[in-house]
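> Here's the letter readout for the chains.
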Amino acid sequence: MRQSSLGRIAQLESASLVIPGMLVFTMGVIIPMGLGFFYSLTSWDGYTKELPWAGLSNYVNIFRDANTMKAWWFTIEFTVFNTIAQNILALVFAVALDGGIKGKTIYRTIMFVPCLIAPVVAGYIWLRMYSDVLPALSAALGLKTDFRLFGSGRTVLSGLLVVNQWQWVGYWMLIYLAGLQSVPVELYEAARVDGASRIRQFFKITIPMLAPAFTICIVGISIGSLRVYDLMVSSTGGGPGRSSTSIIYQIYNTAIGGRQYGYGSAISMTLIFVLLLIAAAQLGILRRREVQL
Amino acid sequence: MVRARVLAIALIAALALAAPGAFAQTAVTVKILAGQSTTDAGIENFISDAVSAKYPEVKLDWEVVGWPDLPAKIQEYMKSGLPDIIVGKGQDIATFASRNILGSISGKPYLKNVVAAAVGSGSYKGKDYGIVYNALYQGVYYNRKLFKDNGIAVPRTQAELKAVIDKFKSLGITPFETHFVDLWSIGNITMQFMINDVFNKTPDWGDRFRAGKAGFASSPIAKTVFGYDKLIYDNTWKDETFSLQQTNADGRLVQGKAAMKVSGSWSIQNFLDVDPGFDFGIFPFPNQTGDAKLIFEPNITFMKSATTDKSDAIDKVFTVLTTDKDLGQKIFDQTKTASTIKGIGPTFNNPSQKDIDVYVAKNQIVDANSGNLQLVWGGFQDENAKDIAAWLQGTETLDQALQAADSRRANSKP
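Sequences listed follow chains A and B, in order.
The first sequence: position 228 = 228 (this note's numbering), numbered continuously.
The second sequence: position 203 = 203 (this note's numbering), numbered continuously.
Chain A on its own, in the form it takes in the complex:
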C-alpha cells in the first residue's frame, strides 16, 4: 500500500516535469504541423473563410511544378556543397588553431565574429562586396577577376557558398576545437612512441576521436543548409531568375506572395519530411560509428 502510493507520487513527479514541456511542444510544434498538414489538403488562398478541399492534389502538383523541383535541386546542391566545405574548413581551422600558433585568441575571435551578424545583414554586406568593393579592388590592382558572383545563375551558388563559409565556419570550428582539446594527450604520446607520423596520428587518432563533433557538425550544417532562406532575401532575392531560390524561399513565395497557402503548406510538409528523414539517417549512421569507436 505504502509502496504503491510512493509509486504514484513518483509518477506524479515525473508527470509534473514532463507535462509543461509536452504542452509547449504540442502547442508549438505538433498543432502547427497538424494544421499545416490540414491546409496542405486544401486549395486555401490564405484569406477566405472557405477552405476548399483538394485532397492530395497539392502533393501531386509538387512533382509537376518545375519551379518547386528547381528550388529543391538548388537546396540539395547548396546543402551538399555547404556541408562538405564547411566541415572541411572548420576542421582545418580548428586543427591550425589547436597547434602552437601565436595569437590564437585573436584569430578565434575574428573567425567567430561573423556568426554574430544576422544572415540578412551578411547577405547585404556581401551583395555590396561582390558588386562594389571587390570589383573596385580588382580594378585598382589591375586584375581581371570578375567578382560579381551574384550576377549570374551560373555563379550565384558559389557566391552564396562563400558567404555561408565566411559566416559560419568560425562557429563550427569552435565545436571541432572543443573536440580536439578533449582528445587525451596520452594517445598521441603512445602513437609517437610507436613511431606514427603526424599524418597517421591525425587519421588514426584525431579523426576517430572527433566522431561526436562530426555528428554535431554534419547534422547541424546540413539541417541549417536545407533551411537556408534569410541569406538570399537580402542578397540575391532568389535570383537571377530563380537560380538561387531555396525551398523555403519557394514556400514563402508560393504560400504568401502567390496566395497559394494550401500548395505552400504541401511543399513545407515535404520539407519537414525530408528534414526528419535526413536527421534520422545521419544520427543513425553517425551514432553507430561513434559506438563502434
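Source of the hints: derived by calculation from the structure; they are not laboratory data.
Hints are supplied without guarantee of correctness; some may be wrong.
[What the hints assert, rightly or not] What follows is a set of in silico ranges between Cβ atoms, one per label pair, in the way DEER data are often shown:
id	chain 1	residue 1	chain 2	residue 2	range
1	A	33	B	306	26 to 32 Å
2	B	230	A	30	46 to 52 Å
3	A	288	B	76	41 to 47 Å
4	B	234	A	96	45 to 51 Å
5	A	26	B	29	31 to 37 Å
6	A	27	B	230	35 to 41 Å
[As the list claims (entries may be wrong)] Listing some non-contacts, in silico: residues in chain A with all C-beta distances to chain B over 12 Å:
id	residue
7	5
8	17
9	104
10	127
11	156
12	243
These figures come from a predicted structure and were not determined experimentally.
Positions of the beta carbon are idealized from the N, C-alpha and C atoms, including for glycine.
Dock chain B against the given chain A, drawing on the hints supplied.
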C-alpha cells in the same frame, strides 16, 4: 480660520488633480499596419505628430513592413485580429476589398478633399475603401541635358526609340540604366509595356486570358512586350545589371553615363540625392502604335479595416491626412511624389513635372491599375519577372518564359 485655509487648499488640490481627467477625452489607440516602399520610410512619424497635434486623444500604434510582406501580415492578422488601418498601394484595394478585409468609407466628408481620379482608384465595385494619398508616374526617365546637348528629341515610336538608342551608343553612352538585380524592376517595366500595348487596346485582356481566350505564348503582342525587355537588356550594362544596386545605377544616369531609365517616381529620390540640380524628364515608353501614355499609379493608400470598432478615431486620422497642408508637403517632399489631395502639393523641385503637365493636359495618362487589376502582382507579375530574367540570362527560352506565364493563369486574378 486655520481649518478654513486647510479646507480651501484641499479643495484647490482636489480640483487641480481632478481637472485633467475631467476635461480630457478618452484616449484611443489606433493600430496601423503599413506596407511601405523604401521611399516611404519615416512618413509614419510625420503622421503621428500631425494627428497628436490636432487630436491628442488619438494615439497611433504603427507596424511598418515592406509592401511585398503586407499580404503575409494580413493573413496573420486575419486570425488574430486585423489592425484598424491598413496602408498599402492602390492595387491592394481590389485584393483586400474582394476578401471582405476592408470597411467602406463611402460618403465620408474627407473624400471631397481627394482628387476625383484618386477617389476612383480607392474604390471597388462602387464603394470607396481607401484614401489614395499620392501618385507615382511611370515611364522613361531621361537625362535632359544629354538629350539637349546631342540634339536628340524625345521618341514617340519604336523606330524613333531605336534611332535614339543607336545615337547614344555611337556616343559611347549606355542607352538604358537598369538594375535587374531587383527582380521587381523587371516586373515593373514589363507591366508598363503591357499597359500601353495590351491593356490600352484590350482593357479586359486579363479576364480573356483567364478564360483561355488570350495567352502569352499565343499572342504576338505579348511576345513583343517581352521583346522590349530584351531591347532594354541589350542596351544596358549586361554584365552588371544583375548585381548592380539601384543607388549605383541611378547615380550613373545622373552622371550622364546612361541616358534613360524605364522606371517610376520612386527613382526621383535617388536622382536628387546624387545631384539636387539634376535635370531630368519623363516620356511614355513608345508602343507599337505610337500612342503610348504616361502611367499614373495610385500609391500610398490608407484603408479602414472591416472589423475595426474605432471608426470615429479613423475618421479623425483620415481628416488630418486630407487637410493638413504641412503634413502633406512633408510627405510629398520626402517621397518625391505627386499629391492626390486637393490644394496640397509638394514643394520640391521636380524637373519632370513640366513633362507630366503636358501629358496630363493632352489626356495622355493611363492608370496603372488598368493592368494591375487585370493581372495581379504577387504570384503572377513577379513570377513572370523571374522567367524573363532567366530568359535574358539564357537559361530559359522565350517560348518557355511565355508558356510559364500561361501556366499561371489560375493565379493571375487580383
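> Quick check: which numbered hints come out false for this structure?
6, 10, 11 and 12
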